[in-house]
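Undergrad: Now for the letters of each chain:
2 protein chains.
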Amino acid sequence: MYGTGTDKMVHSARVPLNQVQIQDEFWNYYIQLVRDVVVPYQWEALNDRVGSAEPSGAVRNFKIAAGLEQGDFYGMVFQDSDIAKWLEAVAYLLEAKRDPALEEIADGLIDIIALAQQDDGYLNTYFTVKEPGQKWTNLAECHELYCAGHMIEAGVAYFQATGKRKLLDVVSRFADHIDSVFGTEPGKLAGYDGHQEIELALVKLYQATGNERYLRLGRYFVDQRGQKPSFYQIQLDERGGKTHWPSGNEAVDLEYNQSHLPVREQEKAIGHAVRLLYMLTGMADVAAETGDKSLLAACRKLWDNIVSRQMYITGGVGSMPQGEAFSFDYDLPNDTVYAETCASIGLIFFAQRMLRIAPESQFADVMERALYNTVVGGMSRDGKHFFYVNPLEVDPKACGGANRKYDHIKPVRQEWFGCACCPPNVARLLASLGEYIYTVQGNTLYTHLYIGGEAALEVAGNKVTLKQTSNYPWDGKIKLEVIRAEAGEAFGLAVRIPGWCKEASLTVNGAGYPLNDQTMINGYARIERAWQPGDILELRVEMPVTRIYSHPLVRANAGKVALQRGPLVYCLEQADNGPHLHEIVLPRDAEFRAGKEDSLLGGIVSIEAEALRLRDEEWPGGLYSSEPAPGMKNDTVKFIPYYAWANRGEGEMSVWVREQ
Amino acid sequence: MYGTGTDKMVHSARVPLNQVQIQDEFWNYYIQLVRDVVVPYQWEALNDRVGSAEPSGAVRNFKIAAGLEQGDFYGMVFQDSDIAKWLEAVAYLLEAKRDPALEEIADGLIDIIALAQQDDGYLNTYFTVKEPGQKWTNLAECHELYCAGHMIEAGVAYFQATGKRKLLDVVSRFADHIDSVFGTEPGKLAGYDGHQEIELALVKLYQATGNERYLRLGRYFVDQRGQKPSFYQIQLDERGGKTHWPSGNEAVDLEYNQSHLPVREQEKAIGHAVRLLYMLTGMADVAAETGDKSLLAACRKLWDNIVSRQMYITGGVGSMPQGEAFSFDYDLPNDTVYAETCASIGLIFFAQRMLRIAPESQFADVMERALYNTVVGGMSRDGKHFFYVNPLEVDPKACGGANRKYDHIKPVRQEWFGCACCPPNVARLLASLGEYIYTVQGNTLYTHLYIGGEAALEVAGNKVTLKQTSNYPWDGKIKLEVIRAEAGEAFGLAVRIPGWCKEASLTVNGAGYPLNDQTMINGYARIERAWQPGDILELRVEMPVTRIYSHPLVRANAGKVALQRGPLVYCLEQADNGPHLHEIVLPRDAEFRAGKEDSLLGGIVSIEAEALRLRDEEWPGGLYSSEPAPGMKNDTVKFIPYYAWANRGEGEMSVWVREQ
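Those sequence lines, one after another, are chains A and B. Residue numbers for the first sequence, in the numbering used here: 67 to 726. Residue numbers for the second sequence, in the numbering used here: 67 to 726.
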């Protein structure tokens with residue numbers, strides 16, 4: 067049997083959000099947007115009060131299940147999860163800053179949720195309202211445990227934020243019920259959900275309650291996945307072949323939901339990207355809490371496959387619209403890409419968990435890449451429009467046109483989705499951003515992300531307050547000031563030297579500090595000393611505009627280059643450069659001028675370059691010609707950060723540009 | 067009302083195949099292959115005697131419908147058309163060269179077909195055997211008129227070949243029945259088929275029988291298409307929404323089958339490519355026979371859209387797998403392409419009909435392009451394996467792998483298809499190749515294709531025999547010798563100067579003949595004189611290796627070049643060049659060495675070039691890198707004609723190559 071390790075691995079605990087006050091010009095905008103716009107807007111959407119958007123039905127479903135309203139269930143079978151994710155986002159906002167009005171709304175919603183719970187602890191409005199006789203009969207497709215997991219995350223977060231136990235008790239009772247239903251013991255269902263999520267949620271519930279039953283149950287779901295014969299096939303047979311979705315694939319396409327093999331035997335990232343990343347997050351959590359090295363090794367193996375063969379430069383993952391899934395190695399098309407916002411959020415979760423176990427900068431590098439490019443790009447500057455799919459090359463003529471391979475690509479962000487997974491996922495991630503900046507491992511405080519603010523953390527018994535200031539991601543001067551260090555004892559401060567950075571320097575109280583094999587550890591510069599209040603560590607990471615190339619086997623990017631500056635990937639947009647972006651070529655010796663434009667797109671550093679552009683007016687006519695190709699003319703082109711694209715109407719966009 | 071023209075346009079008649087004896091090294095192989103292998107092999111397949119291939123059931127369906135066997139209908143609703151296309155191919159073989167054994171098999175099959183015809187003339191095994199109550203209730207999806215059209219083509223061809231009327235009478239009775247069922251008169255169905263074909267077939271039946279009723283009926287089907295309200299929607303409603311195919315799209319997606327607008331109002335090629343091209347062929351036929359200029363204008367408009375915006379360099383058309391359809395202008399992806407073999411055959415039909423009306427070399431250029439590249443490439447050298455889809459860039463790792471957007475791409479030719487439209491279509495085209503070489507317009511004999519052999523034609527009352535000899539497509543020396551010219555009067559010989567040709571020269575009996583605005587007409591060099599037996603016209607079209615570029619708006623080919631030599635488009639194959647073809651770059655100044663290789667792929671001219679290749683071994687590792695891109699190394703690469711690819715096992719292939 068797997069997972070017999072019983073000792074925890076040394077790992078960093080979660081950083082409570084009330085101990086990390088973010089004060090950062092770049093991020094304050096987004097976090098405030100989540101507080102002022104996104105969360106209120108989503109509350110309206112969940113209550114079907116956004117007239118122009120697709121209705122949600124999610125709140126009403128709970129009211130109906132609670133007996134407070136009459137009516138039919140509306141929406142996806144997993145509609146409950148939108149409520150849970152919203153509530154989780156609210157909890158993080160409250161944890162960082164109490165807000166009585168918001169808390170009152172949340173308390174009211176929790177009261178309804180509690181009323182919707184059944185006597186045995188079961189909680190799911192679809193099966194309560196619409197198919198009461200079919201509970202737990204279709205794990206592959208119907209996502210009861212997925213919804214349960216999100217509600218558990220909400221319950222834990224709300225308890226951590228407010229100390230209020232009501233939702234925590236609801237989800238604990240639900241978890242107890244799940245524990246009575248699932249397992250390998252006779253009379254139990256030896257199953258697991260088609261959409262992973264419950265695993266990581268149960269570890270959170272264990273961490274919040276200390277009840278090891280939840281950790282064991284989480285480990286059970288991890289270990290049971292992919293055992294033969296297929297649980298989904300057994301249930302499909304028991305249902306007489308009946309499927310929930312018309313395609314019916316989810317019960318038989320075991321790769322789609324990563325149940326084709328036991329998790330430790332999976333060699334490549336495959337199937338639905340969000341599912342895989344939630345699964346890996348749960349695996350890392352279980353490994354951390356049980357000391358299961360084989361599980362950690364499985365996490366590393368799939369991490370390596372994802373980041374070295376299947377990740378876009380933007381931190382997008384899952385390159386196929388079919389199944390919202392990973393493809394094969396190096397298959398990273400830019401125009402038919404999927405790269406769901408939720409998948410990049412899942413990648414950040416997974417990276418965070420790996421960082422808690424193993425503070426290696428590779429994890430933080432990927433976290434930063436996904437965060438500053440795909441995740442921030444997933445939301446409009448107004449907080450009311452979202453990308454589900456994050457392409458790296460867009461021609462609006464193709465979107466919604468005759469060629470259906472582009473059907474999933476939207477040239478502008480959408481209001482709300484029938485399957486509204488991404489918007490509340492963005493909200494809960496941004497609302498909890500304080501969790502991702504620091505970890506403490508042994509007597510070292512690691513800084514992974516350069517986001518300004520003050521953090522109060524305990525480092526080997528020493529109460530430490532650290533203040534971070536920077537103008538990141540626009541420049542690379544980062545100042546860490548020790549505000550408090552009670553014990554007066556030596557401890558380590560470790561700062562990440564980003565993978566994209568070729569030139570970094572460090573000073574401590576103004577004195578240079580060498581960066582070399584002795585002072586660098588796993589990508590971090592670590593300085594151990596008896597840090598005193600007033601001590602200042604200054605890191606300078608140079609941010610020249612940098613040309614980035616893809617691995618030679620990425621066919622889609624052959625002969626192409628992308629620009630990156632600091633953590634930000636750049637793109638060309640039609641708004642700055644006119645149409646036909648594929649006619650632009652960047653000479654190898656082109657120089658770049660990066661400059662701050664405060665009035666553009668909320669304030670960005672844009673990049674101008676002297677490029678070449680096809681003289682398409684010289685084309686002799688016809689579809690094919692043996693005339694020499696038209697020459698190139700000089701043209702100044704302008705790049706903007708990828709995250710800021712599609713905020714100026716519909717137009718072409720391209721990250722990768724031909725180089726000559 | 068449209069189509070009120072009643073005068074024929076001046077147009078060339080069909081050239082009977084017994085008047086064109088092909089003697090040509092390149093084509094003899096394929097035509098003999100059709101006679102010796104393809105047609106016998108397909109007969110076995112149609113009789114379900116090819117063990118390893120998908121069963122057909124087509125012959126057995128006719129036996130069951132004829133009451134000769136018991137059993138259920140098997141196969142697609144349009145399975146009958148495979149029989150008809152095979153019989154049509156047999157007819158062309160017999161027309162060119164009688165073969166008593168083959169004729170006996172065909173006669174036997176025709177006897178069965180005749181027995182399967184119902185008393186009222188109706189003929190369709192699916193509706194006779196499987197759904198006898200549902201005749202004519204689902205024109206959008208069930209293709210009874212499409213099957214009828216193919217059987218009519220077979221009946222006409224068999225009559226022309228053998229003089230035997232049995233099948234001609236069967237299809238005439240069927241056409242009479244169709245005429246009694248369809249029309250705008252009260253009590254008739256004001257409908258038309260979801261898959262065009264009947265239109266062109268009825269014109270052939272008119273031409274063979276002289277019965278104008280068939281021409282009127284063909285014109286009716288052309289004119290009625292796309293009239294509002296939608297006939298398909300009416301039938302769908304009458305069926306209570308029942309559809310034949312699970313998707314049910316065909317009745318509601320009117321663009322798919324080009325019934326979204328009346329044919330004269332259609333501005334762009336859209337929808338299922340084969341349907342559109344069969345429709346255009348029928349439109350051109352009706353225009354020629356009725357003198358309908360608006361119909362001819364519609365043909366020209368859609369021709370222009372296809373060849374100037376939606377055609378691959380290989381003559382492939384229909385770039386989308388969804389719906390086997392045309393996409394939007396300039397959307398010509400090389401790796402997710404469809405480019406069905408049948409669609410290129412349809413393009414050749416359409417070009418042939420346009421040539422009969424208007425001898426302009428643009429039509430013959432496209433005919434040649436499709437014929438020498440996609441169509442010949444659609445069949446293996448052994449005559450038993452076929453491409454349905456003809457990609458321009460293949461990575462076998464992608465085919466059948468995780469990414470389903472490549473599902474339709476096969477890296478090697480397949481044995482037979484459940485939907486077996488392409489193999490018999492290739493057979494009937496190659497068997498009738500003699501029809502495509504010459505036309506006679508007024509007192510001019512036009513030579514469109516350079517295929518050796520002897521043709522006996524009547525030119526303005528003058529019986530002329532012309533002998534063509536060349537080593538085409540390998541070199542461009544073409545000799546036309548007048549063998550017979552009875553009347554001794556002046557007539558014109560016009561020879562096409564191919565669109566790809568930059569340097570051509572002409573001699574008559576050894577004396578140079580200038581090519582200029584006076585002697586050139588619509589792309590043909592025309593020489594009028596009292597041609598005498600023994601007169602020799604020699605044309606020399608230079609065939610250097612030529613770089614071809616795509617229109618700047620073809621995004622897929624930006625920065626890329628293809629090689630063409632004569633009519634042949636070339637490609638790189640892994641068999642010659644190893645894997646990772648996308649790492650190859652062709653410098654603008656690279657020289658080419660073209661050389662005949664008699665032992666390679668049946669004898670080809672291959673092209674060697676000094677190219678550059680990415681030093682991928684220098685890649686620093688990781689998926690993305692800011693290190694300078696690896697340099698290029700010199701490498702000799704080899705191109706082969708596109709039509710010959712995939713005859714040496716699975717491997718990568720690419721037509722378009724990056725240029726620097």
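Treat each hint with caution, since some may be false.
Remember, identical chains collapse to one label, so a pair may be satisfied in a single copy or spanning two.
[Said to hold, decoys possible] Below are the DSS-like pairs computed for lysine-lysine, each with C-alpha atoms no more than 25 Å apart in a straight line:
| id | residue 1 | residue 2 |
| --- | --- | --- |
| 1 | K334 | K463 |
| 2 | K367 | K294 |
| 3 | K367 | K463 |
| 4 | K529 | K545 |
| 5 | K568 | K74 |
| 6 | K359 | K334 |
Just so you know, the hints here were simulated from the structure itself, not pulled from any lab data.
Undergrad: Now tell me if each hint is right for this structure.
TA: Hints, verified against the model:
no.	hint	verdict
1	K334 with K463	between (35 Å within a copy, 15 Å between copies)
2	K367 with K294	within (22 Å within a copy, 60 Å between copies)
3	K367 with K463	between (40 Å within a copy, 22 Å between copies)
4	K529 with K545	within (20 Å within a copy, 97 Å between copies)
5	K568 with K74	neither (36 Å within a copy, 77 Å between copies)
6	K359 with K334	within (19 Å within a copy, 61 Å between copies)
Hint compliance for this structure: hint 5 alone is broken.
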